[in-house]
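As you go down the protein sequences, you meet chains C and L in turn. Residues 2 to 132 (our numbering) are what the first sequence spells out, left to right. Residues 140 to 518 (our numbering) are what the second sequence spells out, left to right.
Don't take each hint at face value.
When the alpha-carbon atoms are kept at most 30 Å apart in a straight line, the in silico BS3-like pairs for lysine-lysine are as follows [said to hold, decoys possible]:
| id | chain 1 | residue 1 | chain 2 | residue 2 |
| --- | --- | --- | --- | --- |
| 1 | C | Lys92 | L | Lys424 |
| 2 | C | Lys111 | C | Lys33 |
| 3 | L | Lys191 | L | Lys276 |
| 4 | L | Lys276 | C | Lys115 |
| 5 | L | Lys177 | L | Lys248 |
| 6 | L | Lys398 | L | Lys424 |
| 7 | L | Lys306 | C | Lys92 |
| 8 | C | Lys73 | C | Lys111 |
| 9 | C | Lys92 | C | Lys73 |
| 10 | C | Lys111 | C | Lys36 |
| 11 | L | Lys331 | L | Lys315 |
| 12 | L | Lys424 | C | Lys111 |
| 13 | L | Lys331 | C | Lys115 |
| 14 | L | Lys248 | L | Lys259 |
| 15 | L | Lys280 | L | Lys248 |
Don't read these hints as lab results, they were simulated from the structure.
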Amino acid sequence: MAGAEGFVEADNAEAIIIRIEHKSRKIESLLKQGKPIEALKTALEGAPPKTQDERCKSANWIVVHRALMAIKDVDFMFSSLDPEYYDILMKGLSTGDRPTCDQCLRIHEKLTEKAGLGCILRCLADTVNTV
Amino acid sequence: MAAIAVHQFAQCITCHAWSPDHAMVAFCPNNNEVHIYKLIQEKWEKLHVLQKHDQIVSGIDWSVRSNRIVTVSHDRNSYVWNQEGSEWVPTLVILRLNRAALCVQWSPKENKFAVGSGAKTVCICYYEQENNWWVSKLIRKRHDSSVTSVAWHPNNVFLATTSTDGKCRVFSTFIKGVDIKEKKEGTSSDTKFGEQILQLDLSFSWAFGVKWSPSGNTLAYVGHNSMIYFVDDVGPSPLAQNVAFRDLPLRDVLFVSEKMVIGVGFDCNPMVFAADETGIWTFIKFLDERKTSSSGPKYGSQFSEAFGKLYGQSKYGVGNDAVESSRTRGGTHVNCINCIVPLREAGSSRITRFTTSGLDGKIVTWDLESQEDLLNYHL
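Please construct the entire structure, taking both the sequences and the accompanying hints into account.
Given below as structure tokens:
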């Protein structure tokens, strides 16, 4: 994660959008290099917490969605994803305005099998990262 | 099999407690009464019905040495019951609450008891010999929401509380005339009644079920977000561990040894947590062995139907007989377990048996001696 992001004040919507754009470029380059899992991790990290601004939320979702759609082999992704990412991934799946596309549902199903109902509960009870 | 006895006492049980010799059990069958049953020649007989409260009895505790029962209720009252001959005689304790009482526990020396309430206060009650009645002292500070659970430290002064504001706190309940000031302890500055010693802000959701380990060195409590929190070296610099687990949230915990904790909750099956040599706590296993289907998820038919609608795939179809409905196996609990009570053998600090009660109205006795794989932790 780039150090410069830490200096930007989280409440500043414009700064968040710029941060998301940086993330988007990084993800594009990772996808070109054929590293979809790295791209997904980057997309999930640094999601702006407690943002009321709709633009920030949808900008972040577009980035996450892009990384999710690029994953061809869902099972392989899970075998190489650390368990600590399960909660973050479940949270990422439940944000956004189109979480019911086919790919997302497939990932949600596999994730629930792997991480259990507790993972879903932690997303629901999470008051730090509001959607 | 870990479950050695199961009995259906009522439709729903809010809480239960055992007599000192484990011959009688007292519980509230989700109404304003407390029923006491005794096992007489292999059959459970109802011996007494304690009827004084006006609303649901939310907490019962039965003291071991003094054989007194304390009950608290949503009617904001508490009664201490003394056995005189074959009758139980109640003594009203005026708690001075304006909201429901939710939980109660006798202190280790049984000269005080603590009550958690929806009024964001904790009542510490002690017996005043001169006036022959129980006095209630309130801890009004600090809590932002209902106090769901209380637990006494072995030193009879420290009290841990959990609340629906997500925090676990430790207070001093030192009362002049009741407690003796320990000169050798270095905590003389903290022995003022109602002083908060520690506040743990680990959970973002409701906290339940706090308990101390037998030595008082470790605290465990659960959050409603399917997490259990272990705090070692409770004091100025505590070590906290957040353990996330797969399944539905827990409601209560019990330390069976320094290194092993049993958690009970919405999965209707006790969960075993243990600490390894390095002190890291992890989930070990479910106590109740169930046949788990190797194919497909292990959820009951309700979840399969919901997931089926979400995923729109036929393999989760409603009438699918192959799906193992793991929740409705006969015998042990079929609904949320909300109370776990140890069955302490006199003279032993180890707990090998405990009982659980839940919303299904059953009380189940569990035995750990038969669990060979847990012997390492169970010292």
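Going through the hints against the structure:
1. Lys92(C) to Lys424(L): It holds: about 26 Å lies between the C-alpha atoms, which stays within 30 Å.
2. Lys111(C) to Lys33(C): This hinted pair holds, its Cα atoms lying about 26 Å apart.
3. Lys191(L) to Lys276(L): holds, 23 Å
4. Lys276(L) to Lys115(C): Violated. Lys276(L) to Lys115(C) sits at ~49 Å, over the 30 Å cutoff.
5. Lys177(L) to Lys248(L): holds, 26 Å
6. Lys398(L) to Lys424(L): holds, 15 Å
7. Lys306(L) to Lys92(C): Judged against 30 Å, a Cα distance of about 23 Å means the pair holds.
8. Lys73(C) to Lys111(C): holds, 14 Å
9. Lys92(C) to Lys73(C): Roughly 21 Å between the alpha carbons, so the hint for Lys92(C) and Lys73(C) holds.
10. Lys111(C) to Lys36(C): holds, 20 Å
11. Lys331(L) to Lys315(L): holds, 9 Å
12. Lys424(L) to Lys111(C): OK: Lys424(L) and Lys111(C) at ~22 Å, within 30 Å.
13. Lys331(L) to Lys115(C): violated, 49 Å
14. Lys248(L) to Lys259(L): Measuring from Cα to Cα gives roughly 25 Å; hence the hint holds.
15. Lys280(L) to Lys248(L): Judged against 30 Å, a Cα distance of about 25 Å means the pair holds.
When the structure is compared with the earlier hints, violations turn up for hints 4 and 13 and for no others.
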